[in-house]
Structures are given as C-alpha cells and as structure tokens.
Amino acid sequence: MSVTAAGTAAVDFGGGLLRRISDALFRKPMWFLALLLAPPLLWLGIVYLGSLFALLLHSFYSIDEFSGFIVYEFTLATYAELFRLSNMDVIIRSVVMAIAVTIACAAMAFPISYYAARYAKGKWKALFYLMIMLPLWSSYLVKVYAWKLILAKEGIISWMAEQTHLTWLLDLILSIPVIGGPSLSISYIGTFLVFCYVWLPFMILPTQAALERVPGNLIEASADLGAEPRQTFSTVIFPLALPGLIAGSIFTFSLTLGDYIIPQIVGTSTYFLGQAVYTLQGTAGNIPLAAAFTVVPIIIMLIYLSIAKRTGAFDAL
Amino acid sequence: MTTAVSFQHVSRHFGSVRAVDDVSLDIAEGEFFAMLGPSGSGKTTCLRLIAGFEQPTSGHIEIFGATAEGVPPYRRNVNTVFQDYALFPHMTVLANVGYGLMVKGVDKPKRDAKAEEALALVALSGFGGRRPSQLSGGQRQRVALARALVNQPKVLLLDEPLGALDLKLREQMQVELKTLQRNLGITFVFVTHDQGEALSMADRVAIFNEGKIVQVGTPEDIYERPQTRFVADFVGSSNVLSPAFTKASGGPERWASLRPEKITLLRGNAAAPKGQLKAAVTVKAVHYQGASTRLNTVTAEGHQVNVTAPSSFGRVADGETLTLHWSADAFHVMEGER
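Line by line, the protein sequences give chains Y and A.
Per the working numbering, the very first residue in the first sequence carries number 1; after that it's consecutive.
Per the working numbering, the very first residue in the second sequence carries number 1001; after that it's consecutive.
So, partial list: chain Y residues that the calculated Cβ filter (under 10 Å) puts toward chain A:
hint, residue
1, L218
2, E220
3, D224
4, E228
Below, computed lysine-lysine pairings styled on DSS-like, alpha-carbon distance capped at 30 Å:
hint, chain 1, residue 1, chain 2, residue 2
5, A, K1104, Y, K309
6, A, K1178, A, K1154
7, Y, K125, Y, K143
8, A, K1154, A, K1104
9, A, K1178, A, K1104
10, A, K1108, Y, K309
Cβ-Cβ distance ranges computed for the label pairs, FRET-style:
hint, chain 1, residue 1, chain 2, residue 2, range
11, Y, S234, A, P1109, 19 to 27 Å
12, Y, R230, A, T1179, 32 to 40 Å
13, A, S1133, Y, G68, 57 to 65 Å
14, A, P1109, Y, A161, 56 to 64 Å
Derived from the structure by calculation, the hints contain no laboratory data.
Note that the structure is predicted; figures quoted are calculated from it, not measured.
Glycine included, every Cβ here is placed at the ideal spot set by N, Cα and C.
Full structure from sequences and hints, please.
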C-alpha cells in the first residue's frame, strides 16, 4: 500500500497568504532575522541608547551659575565639579555601600544557591523559587517602609533586644562611629540591611543558575583525583560559579549605586548617588551635573567588568 | 598473587531498589577485569563502590587488603575515567592532567613535567595548552585517561569509556587500552554493556544481571560455556533452545545454547550425516553481512533458530526450507535460567 494517499502531491505549492509568507521567509532566512530583530533594535537604538546618548551629551554642557540656564557649549567643567569634596563624598559613600551590599549578598546567596542547585529536588525546588520570588511581588515602597518600622527605635528589633536582655549589644552596635546612629532606621547599618534585603534575589538567581550548570561528575572527578572538599570548592565549584556571582554582583552593585529611595527613607540625611542625581535634576535644575553623576556608575561598572574579565571570571562561560 | 579489589557479600540498595545485591568478587592485581551487563544491572554501582562515590548498604570491600568502607574517594589510591570524561572546562588540558598532583601539593614545574609525560603516553604531546572544548571526543577520552594515570593509581576504573566514540575510534582505543594496561601493569576494572568490547579486552569478565553477578570467567568460559540462559542470550547471539526443541532434535530434554556458527546448512529437506542432530526450518529473514549472511529461521513447531551462512552457500530467499544439522557436543546444556 502506498503511503502517499491519492490526491496528496509530494510537493505542495498551494495555500493562503500566511502560508505563502512563511514559505517566503523560509527561503530568505535573513528577512526572517530582520523581522525578528527590528522591533527590539528600534527600541534599543532609538529610545534606550538615544536617550542615554542625550544624557551623556548633557554632561559635557555646563550651567550658568548666575542665570541657571544651560550653556550649550562643550566643556569638561561639569566633570571637574564632580571632584569637589562634597561631591566626591557622595560618590565614595555610594561605592563603599555598593561594595558592602554586594559582598554581603554574595555571602548570603552562595549557600542558599548551592543548596537549591545541588540538593533541592521537585517540590523543594519549586518552594525555593517561590520563596526567592515572593518578596519581588510586593511593592518596593511598602517593603522599604516596612523595614523602617522594623528598624525604628520602637520597632521589633529593639523590642526583641529588650526581651532577650540584649539591648546593650544593640547599643554597642549603634555606638560604632560612622555606621552607627541613634537607631537602626537612621544609620548606615539600616540602609545596608534594607539594600541587602531588597537586592538579595538578584544575586541568588544567577548564582543558582551557574551552580546548576556545574555537572555533578566534575565534583566527583575532583574528589577522585584526590582533592579534599575545600580544594574541590576552591578549584572547581567556585570558579565555575563565578560568572553567576559576577552577574549577580552587577545587579546588586549597580542597583545599589543608582537607588535613591532606600537611603531617603532608611538612613542618615547624607546623600547617595541616586539622591544627588534626583535633587540636581529636580529642585536644583542642574541637568549637566546630574548627567555627570549618572556617568559615574557607568564608568565604575566598566572598570569592574574589565577587572573581572582580566582575572578570568568569564573563562568558564 | 595479590588481590586488588575484594567484595564480600556487598549490597547497595537505593530505597527498595537493589542496585547491587550480595555481590562477592575478587579482582587480582594487574588484571584487566570487565564488568558486563545491560544498563541497570549494577555494574556501574559496583565501580562507584570501588571509587568511593557510593558506600555499601551491607557487606565488606577491601582494596589491596585495606577496608574501604567509610573511606572518601579522595583518600583512595584509585582513579576513574568517567563515561563523559568529566574534564574541567575552565582549565587547560595540562592543568586537567596535572590536577591530581596539584591538589597533592606537587610544585608546578614537576607537576607540568609529569603531566606532559602522561600526555605523551596517550599520544597527545603538544595539546597541553588547549581547552577541553577544543578537543575531539577521542582526544578528550585520552586526556581523561592521562589525568587518571598521572596519579599512578593502584586500580584504574573505566566507566564505559569508549561508549561515546565512533566504531573505528573505539576499535583503535580498545587496542591502545589493552597495550597500555599490559605495559603499565595497573589493575583495570572496565565497565561496559558491549559484549564484544569485554570479550576482546578483558582477562576475566563478570556478567551482571539485576544487581547480581551471574557468571565470572575468562572470555572463552563466558562465550563457550554460559552457565545460564541470560549469559548465553546476552553474550554474543547464541541460540537459547528450550528443552522441547533440544529433545525433538535428538538431544537431552534441557535448556541448551547453540552457537549459530556451529550449525551446518543444507538446502531443502535433506538427511543429516550420521550421528548429527538435525532440524527442518523455514527462513524468516535474511541479513546480509558481507563475509556471511545471518538467517532467522523457524521450525514447524515455532522454535526460532539463528544460523550463519557462509558466502559460499549462495543466495537464500525468504520462505526457503533448509535443513540444519550440528554435532551432539555443540549443545551446551545450561544449569540456570537467570
């Protein structure tokens, strides 16, 4: 018996418009690629990169201090202004905070990610994803205000310290110069804690994905060749998870550098980068300096990534 | 002769699954020992028990006389060549091969020299600077071998190491592995599901089925004198004949195996020479294989018999009637079923 039943041709040229379009795209794969990439490229090229370019352009203009108007002439004076002591202060404070938050997030994320990638199976894995993602579903502002209450002098942490007779410890921590303060909610410690809470998922997810991709037999092979668990960790697991940690640190680092809400609600009255940009372009109306401030995190990230690349962090990619 | 690896009533259960079930086994020093069986028969778990990746549920394992239970893999002088090689992707070939020496604290110049030596042993001199991803499957296999051998293991475990290679390369590696083992004198324990590989390379073969060893012996023992139907079935393509068939063709009323190549063919319904056992069959399928032709035939009672016709026998057509005959001692009577 013949498989091709009567009436069905071996090659079928018929069909409607949609079918002819898909046939045409099959014959010209480049058209398909163009069709696929046109919308995102238009968005990226015009809306995203275009506005970024406009911003960068503004950083090379300056403001007339007397009239408050922008002077549309190329100058590096605005960048020079960044190096004024009060502005350097903001930059250094933000970078130190971003580094601290990134290191703390990495330290907390690694064990959780390791558990999720190597041990969690089935419903435990689903639960893991749920627990990581759950905080992201609620409003960012609500979470930050909730933290303000938790950290306040009348908040649950002070109360718990009192109940456990550990108020002395809390006071000791708050008495540390610079990072301490009258209460957790108006200290750098508080800002740091909230940053860590809010950005932690962005560190866990890429780290977990990287650890998941480390084949189990590499760990066995390492042990088989005589490596003790700590050697296997430092020579096999950690290097292979590093691209994930770097990806996560790009999130936590740049998000911390750019955020202007958390330090405004929880923390001291001193400025972070985001707040500086916010006030400069708003109340102060100094768009060029705001733009110059925005360039700072971009430069820092580029330096960070080039260092990471040079140390071979992306070799396992 | 020293015993390299000894299993005494070893079991490894995963929940209700008896992956390895009461296995007792002695592997001699310097032996090329193959563990052969279908997938899920427990051979790989046995290998992992020797490597230390698994611990026995019960029983006792000794490696060169020392108790192995509770000893982690990194404290055993045993190395493994993994099925998919498990090379470290973020290290060069040289660093991969030198890894075992690196973790033991051998300094870099000495480690690199030893690694180069091991690479030369597997004919990969000059490949040290490459990444595993830049190598072919066969080359990765050799790197994995060099990485294990550089540690001078007392026992080398090979987990289906040739499984991912194409036929030509596999045959070449079989010869090389065998030569290497002879020259180095290291005990090789080789896991495979390929009976041809096991028979051609090993000094002794253990046949696994459902977590148990069904037969241990030299390749000749296994091939010529299978103890059970399972072994006869699994090793080569022997005919496993029921007691009814054996009796009808003039033999004892027992399960027996009969190698296709021991059967002589005659065309049509012919008389067999004196003293020979015979059966009349109809050809069901013809598989041309170049030097010979394999025929699936069936008797009037429905017993299937596979035979090999030499090319000199000429063309055989589907549905043709043939007479098979063989000498009485070609039957190998088996004791067990499994």
